[in-house]
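Between the sequences and the hints, there should be enough to build the whole structure, so can you do that?
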Amino acid sequence: MVAPAVAHAAIWIAVPVLATLVLSFTDYRVFAAPRWIGFGNYVEIWHDQVFRKATWNTVVYTFFTVPFSMGIAVVVAVLLNQKLRLRTAYRAAFFLPQVTATVAIAMVWLRIYNPQFGPLNGVLSFFGVPGRAWLADPDWALWSVIVVGVWQGIGLKMLIYLAALQNVDENLYEAAAIDGASPVRQFFAITLPMLKPATFFVFVVSIIGAFQVFDLVYVLTDGGPANATTMMTYEVYRSAFQDFRMGMACAQSVVLFAFLLFLTIVNRRLTRSDEK
Amino acid sequence: MKIHRHRGRVGLLAAAAALSLVLTACGNGDTDGNQDDGDVSGELTMLTPIYEGTEGNRLLEEEILPAFYEEYPEVTVSVDYQTYGTLNEKLTTAVAGGLIPDVMMMGVGWVEAFAANGVLAELDSLGVTAESLAGDYTPQIVAGGTVDGSLYALPIMLDTRFGCARMDLLAEAGYEQPPASWEELRDYAVALTERDGSGTLQRAGFDMLSMDLRQMYEVFLFSAGGSLFNEGATEPTFNSAEGVAALEFITGLMNQDQVEDIGFSNTDADVHPLLNGRAAMAVCHNNLWIQLQEAAPELADQIQPFLINGTQPGMFFGGTLATVSASSENQQAALALAQFLAGPEPSLAANEQRGNVPALTELLDSGYVQGNPLVQFAMENLDVAQREGGPPQWLEIRGDFSPAIESALLEQKTPQQALDDLAEAARAAMGR
Numbered sequence: 165m166v167a168p169a170v171a172h173a174a175i176w177i178a179v180p181v182l183a184t185l186v187l188s189f190t191d192y193r194v195f196a197a198p199r200w201i202g203f204g205n206y207v208e209i210w211h212d213q214v215f216r217k218a219t220w221n222t223v224v225y226t227f228f229t230v231p232f233s234m235g236i237a238v239v240v241a242v243l244l245n246q247k248l249r250l251r252t253a254y255r256a257a258f259f260l261p262q263v264t265a266t267v268a269i270a271m272v273w274l275r276i277y278n279p280q281f282g283p284l285n286g287v288l289s290f291f292g293v294p295g296r297a298w299l300a301d302p303d304w305a306l307w308s309v310i311v312v313g314v315w316q317g318i319g320l321k322m323l324i325y326l327a328a329l330q331n332v333d334e335n336l337y338e339a340a341a342i343d344g345a346s347p348v349r350q351f352f353a354i355t356l357p358m359l360k361p362a363t364f365f366v367f368v369v370s371i372i373g374a375f376q377v378f379d380l381v382y383v384l385t386d387g388g389p390a391n392a393t394t395m396m397t398y399e400v401y402r403s404a405f406q407d408f409r410m411g412m413a414c415a416q417s418v419v420l421f422a423f424l425l426f427l428t429i430v431n432r433r434l435t436r437s438d439e440k
Numbered sequence: 036m037k038i039h040r041h042r043g044r045v046g047l048l049a050a051a052a053a054l055s056l057v058l059t060a061c062g063n064g065d066t067d068g069n070q071d072d073g074d075v076s077g078e079l080t081m082l083t084p085i086y087e088g089t090e091g092n093r094l095l096e097e098e099i100l101p102a103f104y105e106e107y108p109e110v111t112v113s114v115d116y117q118t119y120g121t122l123n124e125k126l127t128t129a130v131a132g133g134l135i136p137d138v139m140m141m142g143v144g145w146v147e148a149f150a151a152n153g154v155l156a157e158l159d160s161l162g163v164t165a166e167s168l169a170g171d172y173t174p175q176i177v178a179g180g181t182v183d184g185s186l187y188a189l190p191i192m193l194d195t196r197f198g199c200a201r202m203d204l205l206a207e208a209g210y211e212q213p214p215a216s217w218e219e220l221r222d223y224a225v226a227l228t229e230r231d232g233s234g235t236l237q238r239a240g241f242d243m244l245s246m247d248l249r250q251m252y253e254v255f256l257f258s259a260g261g262s263l264f265n266e267g268a269t270e271p272t273f274n275s276a277e278g279v280a281a282l283e284f285i286t287g288l289m290n291q292d293q294v295e296d297i298g299f300s301n302t303d304a305d306v307h308p309l310l311n312g313r314a315a316m317a318v319c320h321n322n323l324w325i326q327l328q329e330a331a332p333e334l335a336d337q338i339q340p341f342l343i344n345g346t347q348p349g350m351f352f353g354g355t356l357a358t359v360s361a362s363s364e365n366q367q368a369a370l371a372l373a374q375f376l377a378g379p380e381p382s383l384a385a386n387e388q389r390g391n392v393p394a395l396t397e398l399l400d401s402g403y404v405q406g407n408p409l410v411q412f413a414m415e416n417l418d419v420a421q422r423e424g425g426p427p428q429w430l431e432i433r434g435d436f437s438p439a440i441e442s443a444l445l446e447q448k449t450p451q452q453a454l455d456d457l458a459e460a461a462r463a464a465m466g467r
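One line per chain: the protein sequences are A and B, in this order.
Letter by letter, the first sequence follows residues 165 to 440 in the numbering used here.
Letter by letter, the second sequence follows residues 36 to 467 in the numbering used here.
No lab work stands behind these hints: they were computed from the structure.
Some clues are possibly wrong.
What the hints assert, rightly or not - Pairwise CB distance ranges (calculated):
#1 B:Glu364 - A:Met271: 35 to 43 Å
#2 A:Arg216 - B:Gly287: 28 to 36 Å
#3 B:Thr128 - A:Asp303: 35 to 43 Å
#4 A:Arg251 - B:Val306: 39 to 47 Å
#5 B:Gly91 - A:Gly202: 25 to 33 Å
#6 B:Glu124 - A:Arg433: 38 to 46 Å
#7 A:Asp303 - B:Ser113: 43 to 51 Å
#8 A:Thr184 - B:Gly287: 41 to 49 Å
#9 A:Val214 - B:Gln291: 36 to 44 Å
Stated by the list, open to error - Pairs of lysine to any residue, SDA-like flavour, derived with a Cα cap of 25 Å:
#10 B:Lys448 - A:Ile209
#11 B:Lys448 - A:Asp212
#12 A:Lys247 - A:Val348
#13 B:Lys448 - B:Ala458
#14 A:Lys217 - B:Thr286
#15 B:Lys125 - A:Ala197
#16 B:Lys448 - A:Glu208
#17 A:Lys217 - B:Asp435
#18 A:Lys217 - B:Gly434
#19 B:Lys448 - B:Ser275
#20 A:Lys217 - B:Ala458
#21 B:Lys448 - A:Arg432
Unchecked claim - Footprint (simulated), chain B over chain A, 3 or more residues, beta carbon under 8 Å:
#22 188-197
#23 221-229
#24 255-261
#25 388-396
Glycine included, each C-beta is placed from N, C-alpha and C at the ideal position.
See the structure below:
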């Protein structure tokens, strides 16, 4: 009975992962057979200023997009869990960015951020605030990408929280209301604690998703200006398809994987100790 | 009018097919290289970043390939359309997967990498040599398809970069001719730059941001008398005094003279700033003429190309070349297709569709070239044009150019530091 599942896991997960790991120790340039170089790629990564920058950018992107989008998502989910007119339409509207192609979203945001004709600078100008070259200014480019990332990430998280909210016992709220707890107090004392399992899931999935951000950067900034928005995945892409250095791309992927594994374990430990 | 043109084109395509056969026969000096069209057969795959879009697809599938099939009825061609943005990915996965297309279109500067790694067939062994092309192409274009003295690619079209000026705007400022030197360029650009009362840029005196930064820099590098690599392409030379001077001039225009602001334009701008009056001068691509005809035909008499003159005239050219896979099972058929596409009329049609510069010098007299001032200008000045590329690692090196130029423009590094760091990365790549 388990044979198909094992075969699936072996062919589609174990073999590619092992191949990536093995190739990360080689100088593999597509044109010729891989050549074993031990930790050569990892040493180069360690000294690579651009990859270091990409790692930092990825951490910053994750640090801001994940909690902000989670925070907004849980509030939106709670609001949309109320009996509202057009509730379904609101839910669909919030979920829409999740099912829209990132490239399309990025194109829209390119327009919004356009320094000369974009509505963002138009609105700021109306209030007398000088506009900026949001995606061309190295001081603002990463933050501009983060804003799009937060906006795009709300939908799925909201959906998961909405599903989780359906399992919260209504009696808890009724009891709290009888005891005089305000809606805000109920939110912090009942809703958030009851959403903890969902929060763990959303957190892990969001971190993985944030660390894998690629298409947004690819369309919005191409990693620029001056590598101000390059990310780990973008460097993997550049190594593989610009430099033809598949071995290096594999090593960078392994580093990315190690980051994700570490963060997931830390999060799991924290949650476990919390549960105890 | 259009139907008439198409009729004429189909007729010329048939003539081109015949001519390509003659060229093929001429190129095949030895018995091994001889190919009779009756012997040429097989199913070919072709990867191309040109003939893009509905019009490009139609041109290839309804005009060019049917004309090819008339001459080679035993050959069929499956086309994989890509863009230059995705070509690397496609080629990489094709090579890794062992499914290399029989005919591959690629850019100048790409040939070295694929030839050095045995992906491309040496055309000399198939009977076509650089010498046989010498009479039809300028030497530097043939050199773009030549590696270590062997021919690997047939030129189809060129993309050139040079200066363009809005003469009506220059006239308003009292200038009757485009700038003839860097100093004049700076003076003109400063005078032509316009800002509103709050200091917001309204018109760039000289737009540098609508062009890929690497290619924009290369125009100035070449005009400064610099080069990307030394003669044998064994050492980067773009960080020489000439290269640094070129980047200092660019950063000076941007940061000291403030003839343009970061973010004012970009390579994806819907309308080129020259066409909507947001720039008075720019480094432009020859296909600007296509956009001009669509967006601002009234400016046809106002856009004037000019060579950017430092210590010498500077012009950059890239291009698209047809190559044959070394692993193709139908190399003669693949060569026949590559030669056909590089022939006069198919290449003329492809260039006309993209607004590019035909590689064949005989096409200088064609109606298309004569009716397109930018293409005509490019062809008339190809003798001063220089290409990029050199070492097989160029594709790896070139990706680092834009961040380096950006870091200088943003004053994160001095031009010397930016180019030195880039040269260091280039040396590392060349040493691997």
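Status of each hint after checking the structure:
no.	hint	in the structure
1	B:Glu364 - A:Met271: 35 to 43 Å	42 Å, holds
2	A:Arg216 - B:Gly287: 28 to 36 Å	31 Å, holds
3	B:Thr128 - A:Asp303: 35 to 43 Å	37 Å, holds
4	A:Arg251 - B:Val306: 39 to 47 Å	43 Å, holds
5	B:Gly91 - A:Gly202: 25 to 33 Å	47 Å, violated
6	B:Glu124 - A:Arg433: 38 to 46 Å	39 Å, holds
7	A:Asp303 - B:Ser113: 43 to 51 Å	49 Å, holds
8	A:Thr184 - B:Gly287: 41 to 49 Å	46 Å, holds
9	A:Val214 - B:Gln291: 36 to 44 Å	28 Å, violated
10	B:Lys448 - A:Ile209	22 Å, holds
11	B:Lys448 - A:Asp212	17 Å, holds
12	A:Lys247 - A:Val348	17 Å, holds
13	B:Lys448 - B:Ala458	14 Å, holds
14	A:Lys217 - B:Thr286	24 Å, holds
15	B:Lys125 - A:Ala197	19 Å, holds
16	B:Lys448 - A:Glu208	23 Å, holds
17	A:Lys217 - B:Asp435	14 Å, holds
18	A:Lys217 - B:Gly434	16 Å, holds
19	B:Lys448 - B:Ser275	16 Å, holds
20	A:Lys217 - B:Ala458	20 Å, holds
21	B:Lys448 - A:Arg432	43 Å, violated
22	188-197	holds (count 5)
23	221-229	violated (count 0)
24	255-261	violated (count 0)
25	388-396	holds (count 4)
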